[in-house]
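From just these sequences and the hints, can you work out the full model?
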Amino acid sequence: MKISIEGLNKAFESRVRLGIMSALAVNESYDFSSLKEFLDVTDGNLASHLKALEKEGFIEVEKTFVDRKPNTRYIITGEGRTAFEEHLKALEKLIKSQK
Amino acid sequence: MKKEQDYIRDIAEIRTMMERSSKFLSLAGWAGIMAGIYALVGAFVAYSIFGFNPQEIYNPSEEPGAEFSKVIFLALAILLLAIGTAILLSFRKAAKKGEKLWNPTAKRLLINMSVPLSAGGILLLIFIWHDLIGLIAPLSLIFYGLALFSAGRYTFKEIKTLGLIQVGLGLIASCFVEYGVLLWAVGFGVFHIVYGISMHFNYEK
Chain F
1 MKISIEGLNK AFESRVRLGI MSALAVNESY DFSSLKEFLD VTDGNLASHL KALEKEGFIE
61 VEKTFVDRKP NTRYIITGEG RTAFEEHLKA LEKLIKSQK
Chain V
1 MKKEQDYIRD IAEIRTMMER SSKFLSLAGW AGIMAGIYAL VGAFVAYSIF GFNPQEIYNP
61 SEEPGAEFSK VIFLALAILL LAIGTAILLS FRKAAKKGEK LWNPTAKRLL INMSVPLSAG
121 GILLLIFIWH DLIGLIAPLS LIFYGLALFS AGRYTFKEIK TLGLIQVGLG LIASCFVEYG
181 VLLWAVGFGV FHIVYGISMH FNYEK
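Chains as they are written, first to last, in this note's numbering: chain F, 1 to 99; chain V, 1 to 205.
I should point out that these hints are in silico values taken from the structure, not numbers from a laboratory.
Mixed in with the good hints, there may be bad ones.
Restricting the straight-line Cα-Cα distance to at most 30 Å, the calculated cross-link-like pairs of lysine-lysine (BS3-like) are [as the list claims (entries may be wrong)]:
#1 F:K36 to V:K100
#2 F:K36 to V:K93
#3 V:K23 to F:K51
Written as structure tokens, this is what we have:
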């Protein structure tokens, strides 16, 4: 896990990743197509960011079948929640320190 | 290196994304205003044309009341009209923001409202069956209020207050059954309009 001097997590540098983490932090789970619609990104773009977050251990994938169609749901892990909260705290701290 | 404004923007963006992903924000203020108008017209028609104004909780019907079945049809028509208008206006609001109306937040909102609403609906049918006509207006206020209160977590939080007001009016109406139709008109009519107007000016201007 790469963390900058300011305490910002490198894994959350992109807008799409912040969006994914924000959505998963306040919802039990989110499926791929809803996330795609919510963030207004392409399949490939979203998939690569999801993969990266999964690799970090910040999100979990749950594959099920709904009406025989594959349905992929994403859930935030405990580790992911902590990392995201730390990131938010670091952001807030930076704003305060620069005032 | 990023500047302060960038961090502020990051945080603001995270906050909006959290809200947008967990709350149904396409509910249009105009839907409330229109629902209120329908309710006022409906209450007026039921009261002054069909003479619907139960004075007691228990109203044994000697002959099957043709007027009363008209009141039920009127109520169903108003319900469908209000729901239809809400869907249409919310659809337009969602389209304006470039979003789809049917998303996980809409689904959760409906599931959470449907439990108190269907329980209330079935109970009302049972009460009609037992000629407890005087409790129809108070109970519809109470169950609708409970549905709005539980919807508050999944949409604009102001809807919780509207729900509590409806529950309060329903409880008062249960004590003073003779004012049931009047209080129903205040709850479903006046307060919907007040809510709709305040939402329109707070969020859509």
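Quick rundown of the hints versus the structure:
With a CA separation close to 12 Å, the supplied pair F:K36 and V:K100 stays within the 30 Å bound. With a CA separation close to 20 Å, the supplied pair F:K36 and V:K93 stays within the 30 Å bound. With a C-alpha separation of about 26 Å, the suggested pairing of V:K23 with F:K51 holds against the 30 Å cut-off.
Checked against the numbered hints listed earlier, the structure breaks none of them; every hint is satisfied.
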